[in-house]
Amino acid sequence: MGEANLRPIVVRTHRFSSTYCDVTDITYRKLAVKALQESEERFRTLYEDNPSMYFTVAQDGKILSVNQFGAEQLGYSVGELIGQPVIGIFLEDDKPLVQEHFNDCLQNPMKLFNWELRKQKKDGKVLWVRETARAIKSQDEETVVLIVCENITERKQTENRLRESEIKRIETLHQSDELKSALLSSVSHELRTP
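With the working numbering applied, the sequence shown closes on residue 194, and no number is skipped along the way.
Derived from the structure by calculation, the hints contain no laboratory data.
Certain hints may be false.
[Stated by the list, open to error] Pairwise CB distance ranges, derived in the manner of DEER restraints:
1) Arg163 x Thr132: 24 to 34 Å
2) Glu164 x Ala35: 50 to 60 Å
3) Asp140 x Arg42: 15 to 25 Å
4) Tyr28 x Glu154: 49 to 59 Å
5) Ile136 x Arg42: 17 to 27 Å
6) Thr132 x Arg42: 19 to 29 Å
7) Ser181 x Ser52: 51 to 61 Å
8) Glu159 x Leu31: 45 to 55 Å
9) Asp22 x Phe113: 53 to 63 Å
[Unchecked claim] DSSO-like, lysine-lysine: derived pairs with alpha carbons at most 30 Å apart:
10) Lys125 x Lys156
11) Lys121 x Lys62
12) Lys95 x Lys111
13) Lys111 x Lys168
14) Lys156 x Lys62
15) Lys111 x Lys121
16) Lys34 x Lys137
17) Lys156 x Lys95
18) Lys111 x Lys137
19) Lys168 x Lys156
20) Lys62 x Lys137
21) Lys137 x Lys168
22) Lys95 x Lys121
23) Lys122 x Lys168
24) Lys111 x Lys62
Yeah, the Cβ is synthetic: ideal placement off N, Cα and C, and Gly gets one too.
Hey, can you work out the whole structure from these sequences and the hints?
Structure representation (structure tokens):
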């Protein structure tokens with residue numbers, strides 16, 4: 001592949017005399033552009049089509065980007081979330097902890113942080129999430145926080161059911177122990193009394 005540049009050569013009489021032709025091999029440039037486009041497409045596919053929620057948050061806490069899956073999980077469109085404070089999508093009780101974790105990220109760039117908190121969907125329903133976050137420098141040297149978010153609502157519900165089941169089992173055992181003690185006491189009393 002080549003790129004040609006043509007320039008007229010004019011003599012002092014302002015008459016066209018000949019043409020200068022410069023040909024440059026641009027094969028490598030074209031291959032590099034194609035590789036860059038393919039890389040951007042792979043990245044876009046990873047970001048948009050991944051079944052995890054991705055957020056990029058500015059230092060001031062505003063959402064700079066969110067993938068389509070993340071917006072859908074929360075019941076929003078991408079456009080509704082961009083520019084909004086990230087803290088606004090968390091359950092009110094969890095907001096102080098969110099702010100603390102966010103500040104920890106900003107104060108410790110490149111360190112990974114994990115936490116489990118509750119987000120509030122647009123319709124008011126609660127969504128348990130496990131987030132992994134890291135503060136990095138963006139291309140324009142601004143610090144941003146990258147957040148990968150996984151919906152763990154089902155796991156939390158299962159844990160709660162197991163905990164409740166364990167409490168009921170322990171209560172049943174205590175009742176059984178009390179019943180056994182009462183029965184043994186009664187039998188012992190009957191055996192001692194002729």
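For each hint, the structure was consulted:
1. Arg163 x Thr132: 24 to 34 Å: holds, 25 Å
2. Glu164 x Ala35: 50 to 60 Å: Between Glu164 and Ala35, where Cβ atoms are some 55 Å apart, the hint holds.
3. Asp140 x Arg42: 15 to 25 Å: Holds, since Asp140 and Arg42 (Cβ atoms, about 23 Å apart) stay within the stated range.
4. Tyr28 x Glu154: 49 to 59 Å: Taking Cβ atoms as reference, Tyr28 and Glu154 lie about 51 Å apart, which means the hint holds.
5. Ile136 x Arg42: 17 to 27 Å: holds, 20 Å
6. Thr132 x Arg42: 19 to 29 Å: holds, 21 Å
7. Ser181 x Ser52: 51 to 61 Å: Check passed, 53 Å falls within 51 to 61 Å.
8. Glu159 x Leu31: 45 to 55 Å: holds, 52 Å
9. Asp22 x Phe113: 53 to 63 Å: holds, 55 Å
10. Lys125 x Lys156: Holds, because 14 Å separates the two Cα atoms, which is no more than 30 Å.
11. Lys121 x Lys62: holds, 17 Å
12. Lys95 x Lys111: holds, 21 Å
13. Lys111 x Lys168: Roughly 41 Å separates the two Cα atoms, so the pair is violated.
14. Lys156 x Lys62: Judged against 30 Å, a Cα distance of about 28 Å means the pair holds.
15. Lys111 x Lys121: holds, 28 Å
16. Lys34 x Lys137: Distance of about 27 Å is within 30 Å: holds.
17. Lys156 x Lys95: Given that 30 Å is the threshold and the Cα spacing comes to 19 Å, the pair holds.
18. Lys111 x Lys137: This hinted pair holds, its Cα atoms lying about 12 Å apart.
19. Lys168 x Lys156: Status holds; Cα separation ~18 Å.
20. Lys62 x Lys137: holds, 16 Å
21. Lys137 x Lys168: Violated: Lys137 and Lys168 sit about 51 Å apart, past 30 Å.
22. Lys95 x Lys121: This hinted pair holds, its Cα atoms lying about 14 Å apart.
23. Lys122 x Lys168: violated, 35 Å
24. Lys111 x Lys62: Holds. Lys111 to Lys62 sits at ~20 Å (cutoff 30 Å).
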